[in-house]
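Number of protein chains: 2
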Amino acid sequence: MIYSKETVEGVVRELGIPKLENATIGEVVLLARRLEELTGIPFIRMDQGVPGLSPCRVGTEAEKAALDTDLPAIYPPAEGIPELKREASRFVKAFMNIDVAAAGCIPVTGAVAGSFGGFIAALQRDPAKDTVLFIDPGFPIQKSQLRVLGQRWEQFDIHDHRGAEPLRAKMEEQMAGGRIAAIIYSNPNNPAWISLTEEELRTIGEMATRHDAIVLEDLAYFGMDFRTDFGRPFEVPYVPTVARYTDNYILMMTSSKIFSYAGQRAGFIAVSDGLFGRRFDALAERYSGSGLFGPTLTASILYMMTSGVTHSTQVGYAAMLKAASDGEFDFVAETSEYARRARRMKDIFERHGFHVVYDTDIDRPIADGFFFTIGYGDMTCGELMTQLIHYGVSSIALSTTGSDQRGIRACSSRMTGGLFDTLDERLAAFAKDHRS
Amino acid sequence: MIYSKETVEGVVRELGIPKLENATIGEVVLLARRLEELTGIPFIRMDQGVPGLSPCRVGTEAEKAALDTDLPAIYPPAEGIPELKREASRFVKAFMNIDVAAAGCIPVTGAVAGSFGGFIAALQRDPAKDTVLFIDPGFPIQKSQLRVLGQRWEQFDIHDHRGAEPLRAKMEEQMAGGRIAAIIYSNPNNPAWISLTEEELRTIGEMATRHDAIVLEDLAYFGMDFRTDFGRPFEVPYVPTVARYTDNYILMMTSSKIFSYAGQRAGFIAVSDGLFGRRFDALAERYSGSGLFGPTLTASILYMMTSGVTHSTQVGYAAMLKAASDGEFDFVAETSEYARRARRMKDIFERHGFHVVYDTDIDRPIADGFFFTIGYGDMTCGELMTQLIHYGVSSIALSTTGSDQRGIRACSSRMTGGLFDTLDERLAAFAKDHRS
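These protein sequence lines map, in sequence, to chains A and B.
Every letter in the first sequence is one number past the one before it in my numbering, and letter 400, counting from 1, is 400.
Every letter in the second sequence is one number past the one before it in my numbering, and letter 204, counting from 1, is 204.
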């Protein structure tokens with residue numbers, strides 16, 4: 001062990017973490033930082049999904065030029081600046097071959113603001129629909145948003161329901177009551193890095209149409225299923241999306257991972273043309289307006305949260321999207337570095353007796369990428385996460401992501417240089433101590 | 001008339017504005033822009049409160065330097081970067097002589113995000129307190145936020161309740177039931193540009209303590225009561241604030257007006273030390289956490305809306321606050337240009353038979369500044385706003401701000417050069433046509 005039981009327990013007490021096994025991502029980060037500070041021993045930080053690359057310089061240069069104008073003084077338009085809306089629409093076409101009008105592409109202060117606003121609109125549009133369905137495992141913050149809003153959710157772990165028919169049966173069971181307002185999942189998946197197949201996406205789309213639920217498709221790791229090269233604009237293969245199978249969708253995009261731009265808080269949502277112009281009596285009544293979904297979401301909901309998105313950042317984001325669609329910035333090639341890091345990490349874990357938990361997309365091994373999941377024998381989530389902390393390796397317990405499986409989430413983003421050897425040594429020590 | 005009845009009516013129909021008299025600020029802006037586009041005749045744009053000066057270059061230079069580092073790739077801390085928290089706390093001390101710990105100074109994506117999060121925390125902390133009290137007239141967006149959240153509010157127009165005792169009587173009447181969770185007002189006031197006296201602030205503070213309501217003091221126009229020079233750091237006179245009279249407060253600050261930085265969406269809230277550390281059972285239960293007000297607001301509410309504030313902008317904002325507190329950037333002198341513009345506008349209005357509606361702070365003429373209010377005879381709000389549009393002058397009806405008075409809000413920010421002569425001519429034409 002790198003950190004003694006006493007040291008870890010002391011810091012847990014100091015930070016007021018009620019139960020280490022159930023620690024949130026924020027608590028794990030604080031714990032790792034504090035232990036590093038106290039002991040001088042650095043952690044292998046597999047916890048937070050932070051970009052491990054430099055920001056896309058196309059964006060920072062465009063932002064700097066914008067900062068030299070008077071634009072920082074001027075409120076951004078509620079619906080976003082025209083060039084960003086246009087480039088967002090073009091990007092969706094270039095890499096997904098999906099048509100969404102520029103009007104429906106709305107900048108948000110991080111995709112997190114997009115899901116916050118999207119949840120509100122989806123849940124307010126029809127009084128009979130009051131529940132969000134999570135296809136888990138998933139991003140805990142999205143459930144926390146519903147906690148803020150005081151709204152209901154249901155969830156299931158997709159692990160035992162892969163494939164079109166099992167998924168359809170499970171979704172039908174959850175949606176039959178008619179209360180589901182929205183369906184949310186991420187693809188590629190945070191934390192499990194599974195990728196839904198076209199047939200699974202078709203099923204989700206069909207269920208959304210059948211039960212009139214809005215799909216919030218979280219594409220934070222857009223194009224990062226590195227088994228396929230999705231990096232060439234306006235060419236097959238295109239990134240898989242539910243948008244091919246239903247008109248009831250909001251795509252959630254972010255600059256955080258594909259452009260290593262997490263610090264600037266820039267994302268956009270793409271609301272399907274059909275949904276954008278659909279009228280809901282409940283929205284018309286609540287906001288004394290047209291009741292049209294897109295304009296209400298933009299002007300009456302998102303505008304009330306931040307009154308627009310940082311002006312210079314919108315210019316930078318537009319420039320990055322344009323560079324990608326022009327074929328001048330290959331974000332897939334850039335971020336494929338994460339796949340190489342993940343592969344090396346998985347090899348090390350497996351060498352020491354660990355296994356990948358979510359290991360296949362039905363019949364195909366999952367991709368290497370930003371995240372993966374790891375188990376050790378039948379250790380519970382909290383046990384494994386806690387034990388690894390004693391060996392200087394921080395991670396997230398899968399139980400905090402809506403997973404029913406035993407294991408942890410590991411992030412590959414920060415693994416560079418000598419850290420692989422350190423990981424190897426620490427896991428060797430772990431394995432030695434835990435061999436039964 | 002500059003625009004014929006038919007032209008205006010045509011555009012109102014085209015834009016789908018249900019009733020011009022009740023037009024929101026957004027609708028007035030669209031109408032003015034569209035009329036300009038159609039006719040080629042520019043408007044005197046007194047509608048939106050947009051900075052009419054260049055952005056503070058201390059901020060843009062610091063942002064540019066930050067953009068050259070790896071900081072744009074890195075998620076900002078949920079609670080804000082340390083230098084911004086420190087400078088925010090120092091700024092509050094320098095210009096208000098109020099002590100708020102850096103921990104309680106939390107960056108937000110515009111003060112609008114601060115009130116959104118502040119409302120949520122204030123309304124969730126105690127199930128018995130479910131209502132916000134507006135001391136009106138006020139910023140319509142804050143009521144719109146409560147509409148998004150589905151929360152209750154009450155309001156009164158302060159016009160007939162100026163002075164400590166009348167105000168106390170009115171507030172006691174509204175607060176006696178115990179349902180008021182928060183009290184909100186802006187000072188200097190948007191739209192009326194009245195400034196509350198020290199005795200009035202004392203009354204509000206005492207009522208907040210007595211009935212355990214949290215004051216959300218909106219200081220968007222900080223230091224812009226130009227009758228007094230508040231621009232010297234760490235010296236009397238200090239900007240008036242309710243923080244001197246209660247511990248139940250959240251101050252809402254923004255870079256938008258004092259640094260002409262509206263485009264970058266940067267503000268901060270300052271939560272009093274007492275409130276920051278106060279524990280609420282309802283918050284502990286809902287968020288399975290400590291229940292402490294400040295940490296819950298930061299990590300469980302604001303973080304769920306945007307996951308932090310644009311990283312480079314935090315660096316820029318910190319630099320501007322530091323320059324102000326160091327006495328190197330006199331934001332009061334900079335923005336006093338608005339007072340000169342307002343004075344000239346008021347003179348022109350008065351020359352043509354208009355009058356200032358909210359004209360005194362009890363016994364003292366109000367300041368000249370960013371906004372003022374104008375009436376004409378006994379014309380109603382909607383009538384005057386609508387009539388002025390026909391003469392190419394756009395404004396906001398006071399009725400949309402919670403005011404019971406008859407008139408409009410005018411913004412001085414964009415009046416430069418030849419526009420004063422144009423205003424003079426247009427008001428002369430108005431007066432000629434409306435003389436009874």
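Hints are computed from structural coordinates only; laboratory data are not their basis.
Please note that the accuracy of each hint is not assured.
Remember, identical chains collapse to one label, so a pair may be satisfied in a single copy or spanning two.
[Stated by the list, open to error] Think about it this way: if two alpha-carbon atoms lie no more than 27 Å apart in a straight line, the pair counts; the simulated DSSO-like pairs of lysine-lysine are:
id, residue 1, residue 2
1, K129, K143
2, K129, K93
3, K143, K93
4, K322, K93
5, K64, K432
6, K64, K322
7, K143, K170
8, K19, K64
9, K432, K5
10, K5, K19
11, K64, K143
12, K19, K129
13, K432, K346
14, K64, K5
- Message: One pair to classify: K129 and K143, alpha carbons no more than 27 Å apart. Within, between, both, or neither?
- Response: Both, since 17 Å and 25 Å are each at most 27 Å.
- Please work out whether the CA atoms of K64 and K5 approach to 27 Å or closer within one copy, between two copies, in both situations, or in neither? neither (49 Å within a copy, 45 Å between copies)
- Message: For K64 and K143, with the copy left unspecified, which applies at a CA distance of at most 27 Å: within, between, both, or neither?
- Response: neither (36 Å within a copy, 36 Å between copies)
- 27 Å Cα threshold - placement of K129 relative to K19: neither (35 Å within a copy, 31 Å between copies)
- Query: Between K143 and K93, at a C-alpha cutoff of 27 Å, which is it: within one copy, between copies, both, or neither?
  - Reply: Cα proximity of K143 and K93: none, with 30 Å in one copy and 38 Å across.
- Between copies, within a copy, both or neither: which fits K129 and K93 at Cα up to 27 Å? Close neither inside one copy (31 Å) nor across copies (49 Å); limit 27 Å.
- For the identical chains here, do K143 and K170 meet the 27 Å Cα criterion within one copy, between copies, both, or neither? Within one copy only: 20 Å inside a chain, 41 Å across chains, cut-off 27 Å.
- Item | Alpha-carbon proximity context of K19 and K64, limit 27 Å | Neither: 45 Å inside a copy, 42 Å across copies.
- Query: Using 27 Å as the alpha-carbon threshold, which applies to K322 and K93: within, between, both, or neither?
  - Reply: This pair counts as within: shortest intra-copy Cα distance 12 Å, inter-copy 45 Å.
- First find the shortest C-alpha distance between K64 and K432 inside one copy, then the shortest across copies, and answer within, between, both or neither for a cut-off of 27 Å. Intra 53 Å, inter 50 Å, cutoff 27 Å: neither.
- Copy assignment of K64 with K322, given that the CA separation must stay at most 27 Å: For K64 and K322, both the intra-copy (17 Å) and inter-copy (21 Å) Cα distances are at most 27 Å.
- Evaluate K432 and K5 at a C-alpha cut-off of 27 Å and name the case that applies: within, between, both or neither. Only inside one copy: K432 and K5 sit 17 Å apart there, 87 Å across copies, limit 27 Å.
In the structure shown, a violation is registered for the earlier hints numbered 2, 3, 5, 8, 11, 12 and 14, in ascending order.
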